[in-house]
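Asks: Residue-level listing of the chains:
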Amino acid sequence: SQTIHQWPATLVQPVGSPLSLECTVEGTSNPNLYWYRQAAGRGLQLLFYSVGIGQISSEVPQNLSASRPQDRQFILSSKKLLLSDSGFYLCAWSVPQGRPVGYFGPGTRLTVT
Amino acid sequence: GQQVMQIPQYQHVQEGEDFTTYCNSSTTLSNIQWYKQRPGGHPVFLIQLVKSGEVKKQKRLTFQFGEAKKNSSLHITATQTTDVGTYFCAGPDSGAGSYQLTFGKGTKLSVIP
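As they're listed, the protein sequences go chains D and V.
Sequential numbering of the first sequence, starting at 25, is according to this note's numbering.
Sequential numbering of the second sequence, starting at -6, is according to this note's numbering.
Treat the hints as calculated values from the structure; they're not laboratory data.
Since the structure is predicted, the reported quantities are computational estimates derived from the model, not experimental observations.
Even for Gly, the Cβ is constructed at its ideal location relative to N, Cα and C.
Certain hints may be false.
Covered by chain D, according to a simulated footprint, are these stretches of chain V (three or more residues, beta-carbon under 8 Å) [claimed, not checked]:
1. 23 to 37
2. 52 to 62
3. 72 to 86
If we strip away everything but chain D, and leave its shape as in the complex, we get (with noise of 0.2 Å):
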């Protein structure tokens, strides 16, 4: 079966720090990865998407950057950390072909300082 890992879980940075967020699917090949961001209360926004290696597309302008090293890992990332980056990320999987269907992950709290 499946499994979506993502880490850390919670996460405390001061403005103007760097982020790395992690996300790794076991158990699919070539799947089609996603983050999310889920601000307090409020819905999903779409950040990125990729599918396959390299290829990263951005749905928002930030100062956010996503990286896909490999075929099961997805890597966000900031060089520079702002208030307004706090949230909920989440890491998704869905299958590479057919009717895209959002598997997440459990989830990244970051808390902006």
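Fit chain V to the supplied structure of chain D, relying on the hints for placement.
Replies: Chain V only, in chain D's frame:
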């Protein structure tokens, strides 16, 4: 771009009462999906509806997809405290080969015991 709207935003019910959330898309959807997010948790995929007019049941949950494939509903019969959480609908973005899902803002359900 495509928009998916959900109502109501919040719903408070007494345990044992029924609950319904509605989802409307600005475009025709190839399929619609429903997710549940428990407080403090991550969204979990519940079901996918594909056919026009489709109705599916999962125990006390009934999901419907509209005839025009632009709206959907989730009905919970005799709510329980375990039903607490936020329910999201999502549909794939229009356009061939789209890998993205557009989520509604969710309906947050509170159940008063």
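Asks: Compare the structure with each hint and give your call.
Replies: Against the structure, the hints:
no.	hint	result
1	23 to 37	holds (count 8)
2	52 to 62	violated (count 0)
3	72 to 86	holds (count 3)
The structure shown violates just one earlier hint, number 2.
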